[in-house]
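Participant: Read off the chains here:
2 protein chains.
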Amino acid sequence: MKKLLFVYGLLMVAFLIYLIDFQSREANASLEEKSKGLHGDIDEKYVMVTFQAGADYWKNILKGFEDASQALNVSVEYRGAAQYDVKEQITVLEQVIAKKPSGIAISAIHSDALDVTIYKAIDAGVPVVLFDSDAPKSNAYSYIGTNNYNAGVTAAHEISDMLNNNGKVAVITLSNNQQNQIDRLKGFQETIEGQYPDIKVVAIKNGKGNQLVSKQAVIDILKQHPDLKGIFVTEASGGVGVGEAAILLNKVHQVKIIAFDTDKQTLDMVKDGTIAATLAQGTWNMGYWSLQYLFHVRHDLIKLPNDPYTHDILPKMDTGITVVSRKNVENYYAK
Amino acid sequence: MKKLLFVYGLLMVAFLIYLIDFQSREANASLEEKSKGLHGDIDEKYVMVTFQAGADYWKNILKGFEDASQALNVSVEYRGAAQYDVKEQITVLEQVIAKKPSGIAISAIHSDALDVTIYKAIDAGVPVVLFDSDAPKSNAYSYIGTNNYNAGVTAAHEISDMLNNNGKVAVITLSNNQQNQIDRLKGFQETIEGQYPDIKVVAIKNGKGNQLVSKQAVIDILKQHPDLKGIFVTEASGGVGVGEAAILLNKVHQVKIIAFDTDKQTLDMVKDGTIAATLAQGTWNMGYWSLQYLFHVRHDLIKLPNDPYTHDILPKMDTGITVVSRKNVENYYAK
Numbered sequence: 001m002k003k004l005l006f007v008y009g010l011l012m013v014a015f016l017i018y019l020i021d022f023q024s025r026e027a028n029a030s031l032e033e034k035s036k037g038l039h040g041d042i043d044e045k046y047v048m049v050t051f052q053a054g055a056d057y058w059k060n061i062l063k064g065f066e067d068a069s070q071a072l073n074v075s076v077e078y079r080g081a082a083q084y085d086v087k088e089q090i091t092v093l094e095q096v097i098a099k100k101p102s103g104i105a106i107s108a109i110h111s112d113a114l115d116v117t118i119y120k121a122i123d124a125g126v127p128v129v130l131f132d133s134d135a136p137k138s139n140a141y142s143y144i145g146t147n148n149y150n151a152g153v154t155a156a157h158e159i160s161d162m163l164n165n166n167g168k169v170a171v172i173t174l175s176n177n178q179q180n181q182i183d184r185l186k187g188f189q190e191t192i193e194g195q196y197p198d199i200k201v202v203a204i205k206n207g208k209g210n211q212l213v214s215k216q217a218v219i220d221i222l223k224q225h226p227d228l229k230g231i232f233v234t235e236a237s238g239g240v241g242v243g244e245a246a247i248l249l250n251k252v253h254q255v256k257i258i259a260f261d262t263d264k265q266t267l268d269m270v271k272d273g274t275i276a277a278t279l280a281q282g283t284w285n286m287g288y289w290s291l292q293y294l295f296h297v298r299h300d301l302i303k304l305p306n307d308p309y310t311h312d313i314l315p316k317m318d319t320g321i322t323v324v325s326r327k328n329v330e331n332y333y334a335k
Numbered sequence: 001m002k003k004l005l006f007v008y009g010l011l012m013v014a015f016l017i018y019l020i021d022f023q024s025r026e027a028n029a030s031l032e033e034k035s036k037g038l039h040g041d042i043d044e045k046y047v048m049v050t051f052q053a054g055a056d057y058w059k060n061i062l063k064g065f066e067d068a069s070q071a072l073n074v075s076v077e078y079r080g081a082a083q084y085d086v087k088e089q090i091t092v093l094e095q096v097i098a099k100k101p102s103g104i105a106i107s108a109i110h111s112d113a114l115d116v117t118i119y120k121a122i123d124a125g126v127p128v129v130l131f132d133s134d135a136p137k138s139n140a141y142s143y144i145g146t147n148n149y150n151a152g153v154t155a156a157h158e159i160s161d162m163l164n165n166n167g168k169v170a171v172i173t174l175s176n177n178q179q180n181q182i183d184r185l186k187g188f189q190e191t192i193e194g195q196y197p198d199i200k201v202v203a204i205k206n207g208k209g210n211q212l213v214s215k216q217a218v219i220d221i222l223k224q225h226p227d228l229k230g231i232f233v234t235e236a237s238g239g240v241g242v243g244e245a246a247i248l249l250n251k252v253h254q255v256k257i258i259a260f261d262t263d264k265q266t267l268d269m270v271k272d273g274t275i276a277a278t279l280a281q282g283t284w285n286m287g288y289w290s291l292q293y294l295f296h297v298r299h300d301l302i303k304l305p306n307d308p309y310t311h312d313i314l315p316k317m318d319t320g321i322t323v324v325s326r327k328n329v330e331n332y333y334a335k
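These protein sequences, in sequence, are chains A and B.
If you read the first sequence in my numbering, its first letter stands for residue 1, the second for the next number, and so on.
If you read the second sequence in my numbering, its first letter stands for residue 1, the second for the next number, and so on.
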């Protein structure tokens, strides 16, 4: 009787072991299925590097960068020069490279001053992509951002429409060898000159990326050209200053302003009609695809050109532009 | 004694159960970690749609499409019009849409004839991206491929270099409203006219994407312009025909030919010097990023513009171009 109970007990236990083992295998199989896919390691760290690091403008780009890191299960870090200072950005970039991260996405404050440091990163095996503002002669793996020449072209077409293809216009830009500023100005000028013979660009002034400097520049231009009809501002900080100048001189209805980017103050001026339109960039996409691209280079998932010295023809992503006017401005507040 | 043995046995068995359970939990935890990341379901099917579906040209694009599907754990299917026939491609596209796939990547045979069918797909909730040849007025979510205007610009600079900025040139193109052909021709013409006053485009002929027609077209042009110095061929099939015409008329050393794409016959003619250079497209990247982009739209992972009617400014990917000459031709054979 006791022997029987003993055997009976062993059989039950054996069945129990079988059951647990079976269930655990099932669970594994289903997880195994899910484990296929693109994912990295949480120890893998990608760094986003900017300048004027506290500026609101970077927030949505960083959000894209973070969203991609979450999707791919890797880590990110945000670094940047505190000031608008070339040397400071180089120092920050060197510090970042020294830590040998898995990849670096950088918005270059200067079109070529960072090239040597970017070479160093690539030589050290750290993939680099540019976003927002390119360093076209660096050997970074890609540029992911606005096609800034086309943004200038779009601004030219918009302002020409508003002016019925006739009148004097001016440009407030940031003349510091930042590639995106160079390209926006060039696209605007070449389009006006090539396609709108009755529109004249009568002044191009350096607003220094500063609200007050931009305001004063427009006051000076309007003194010289009281019949000015339009102003294109090629960067975010100047737009509000230009709007203030137009208000101060009571020229809001005469002068059509095209601004850049979508900070709250600029949107407010679009809403109240001071600024006719502003150009919104695909900021989230810049961050998201920068991380994706770095991840792909890191994991040898992307086919790069056979010739390593053909870097200028590597895949680039144009993250697009949207014209924000009174009609659609509500969509662009704080997202 | 027997009772003791019974208890002893039960304890051992309990310990065994604990051990198995512990191990299975460990395995799960490690798999759970890996299961984070981008991955779909194997039932999710993405379809790539082409024309002249048997052409070698599509192979490397399909490879990219398949590689992405493997990385993301989804399925793919390849479909296409057998012939170079607009109606046939529309029929194929309609058949594909009827099956409600997870997404469609299409190279449009015509710049606008497929627009209505593409609207239908989007309305039915099937994401569509264009690759290789765009349909710019469709509301597809992106265009992933060569910036064909820039490819024409590159061809213009290359041929001007070879001709020391002086002489007569001709273009053999495919005049069938295929957007990539339109853009390549435009980029070439505008660059020559705008930047090289001593180079004249003396003839633009339709090679119909056919080797023999292209050959005859060049024979005709050379009869009229025996001092012709250069020819740009805007698509793959014509290059070899143009090379044959140059050989036939003993003009290989006089006439510099710039061809398109990298099929074996074209590469052979680059190698032996008949064709001066050919333009290689980032075909693998077209396929890879098309699938990635569709997957992102499908899974709501990408931020699309707020305004659904701003499709012309959606993110686009320029998959780049490489100039293939005698120097680097070996890198481009069968990969």
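Honestly, I wouldn't trust all of these hints.
To be verified - No more than 20 angstroms apart at the CA atoms, straight line, and that leaves these computed lysine to any residue pairs for SDA-like:
#1 K200(B) - N165(B)
#2 K271(B) - K205(B)
#3 K271(B) - R298(B)
#4 K36(B) - E190(A)
#5 K303(B) - E190(A)
#6 K186(B) - Q70(A)
#7 K264(A) - N60(A)
#8 K63(B) - K205(A)
#9 K100(B) - D85(B)
#10 K303(B) - H299(A)
#11 K36(A) - K186(B)
#12 K3(A) - Q224(B)
#13 K205(A) - N164(A)
#14 K205(A) - E66(A)
#15 K120(B) - L5(B)
#16 K3(A) - L5(B)
These are calculated hints, taken from the structure and not from any lab test.
Participant: Does each hint hold? Answer for all of them.
Facilitator: Outcome of the hint check:
1. K200(B) - N165(B): At roughly 10 angstroms apart (the allowed maximum being 20 angstroms), N165(B) and K200(B) satisfy the hint.
2. K271(B) - K205(B): violated, 26 angstroms
3. K271(B) - R298(B): violated, 44 angstroms
4. K36(B) - E190(A): Violated - the C-alpha atoms of E190(A) and K36(B) are around 48 angstroms apart, more than 20 angstroms.
5. K303(B) - E190(A): Violated, because 32 angstroms separates the two Cα atoms, which is more than 20 angstroms.
6. K186(B) - Q70(A): Violated: K186(B) and Q70(A) sit about 43 angstroms apart, past 20 angstroms.
7. K264(A) - N60(A): holds, 13 angstroms
8. K63(B) - K205(A): Answer violated: K63(B) to K205(A) is near 51 angstroms, above 20 angstroms.
9. K100(B) - D85(B): violated, 23 angstroms
10. K303(B) - H299(A): Between K303(B) and H299(A) the Cα gap is close to 25 angstroms, so the pair fails against 20 angstroms, i.e. violated.
11. K36(A) - K186(B): violated, 44 angstroms
12. K3(A) - Q224(B): violated, 110 angstroms
13. K205(A) - N164(A): Distance of about 24 angstroms is beyond 20 angstroms: violated.
14. K205(A) - E66(A): Violated, at roughly 37 angstroms.
15. K120(B) - L5(B): violated, 75 angstroms
16. K3(A) - L5(B): At roughly 11 angstroms apart (the allowed maximum being 20 angstroms), L5(B) and K3(A) satisfy the hint.
In the structure shown, a violation is registered for the earlier hints numbered 2, 3, 4, 5, 6, 8, 9, 10, 11, 12, 13, 14, 15, in ascending order.
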